[in-house]
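Chains as they are written, first to last, in the numbering used here: chain F, 1 to 112; chain S, 1 to 114.
If you're looking for bench data, these hints aren't it; they were derived computationally from the structure. For each residue, glycine too, the CB sits at the ideal point set by N, CA and C. Don't take each hint at face value.
[What the hints assert, rightly or not] Label pairs and their calculated CB-CB ranges: (1) F:P82 - S:P70: 40 to 48 Å; (2) F:S1 - S:P70: 24 to 32 Å; (3) F:Q14 - S:T5: 33 to 41 Å; (4) F:Y32 - S:R110: 42 to 50 Å; (5) F:A83 - S:P70: 38 to 46 Å; (6) S:T97 - F:Q72: 28 to 36 Å; (7) F:N53 - S:R15: 45 to 53 Å.
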Amino acid sequence: SQKIEQNSEALNIQEGKTATLTCNYTNYSPAYLQWYRQDPGRGPVFLLLIRENEKEKRKERLKVTFDTTLKQSLFHITASQPADSATYLCALDTGGNNRLAFGKGNQVVVIP
Amino acid sequence: ETGVTQSPTHLIKTRGQQVTLRCSSQSGHNTVSWYQQALGQGPQFIFQYYREEENGRGNFPPRFSGLQFPNYSSELNVNALELDDSALYLCASSPPTGAKNIQYFGAGTRLSVL
């Protein structure tokens, strides 16, 4: 069956350190993968998109990698700040037309 | 803010009732997708509308139906509500060109079924 797995345990990290989140998937062949941020009571907000032929993408303090052989994406927040505290969702393209399949999300708590 | 607005923000219904949720897409966005997000879970794709036609459906029963209007706004209707329908319902719009793979989400409608 198809699965998208993100760590269910919250990641507690000291301010200034790098937070690294993992997204593993099975039985999908996504043309692209996206990461979203979700704050409590709000809708997800798009952060980054990486295509299957790209290894790495960066945006300011964020970095995403995509390994289609391992079926895994890593999401990094460098120099983390308390304002980065949120739930981060991995989302896969399921074959076109923007139909996304989401993981459960991984909560990040940045401790001042 | 994404420019996608949903109404109402919160709603309480009883089992068996019907509900209509509304979404105004961001200006210029002609594709609207609806997602259901249960507590502690990621959003699950319900269906998508493009130019007023349903353009793909997830694993949801027929009592979940929708509409898209000429101005690209959309409605989600759920009949015969069940307790498990309690969730955050998210609407997302996408532009026709450029960043067409990106979904711009509204804040959602929190539905509680008692």
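Against the structure, the hints:
1. F:P82 - S:P70: 40 to 48 Å: holds (45 Å)
2. F:S1 - S:P70: 24 to 32 Å: Hint violated: Cβ distance 39 Å, outside 24 to 32 Å.
3. F:Q14 - S:T5: 33 to 41 Å: holds (38 Å)
4. F:Y32 - S:R110: 42 to 50 Å: violated (30 Å)
5. F:A83 - S:P70: 38 to 46 Å: holds (40 Å)
6. S:T97 - F:Q72: 28 to 36 Å: holds (31 Å)
7. F:N53 - S:R15: 45 to 53 Å: holds (48 Å)
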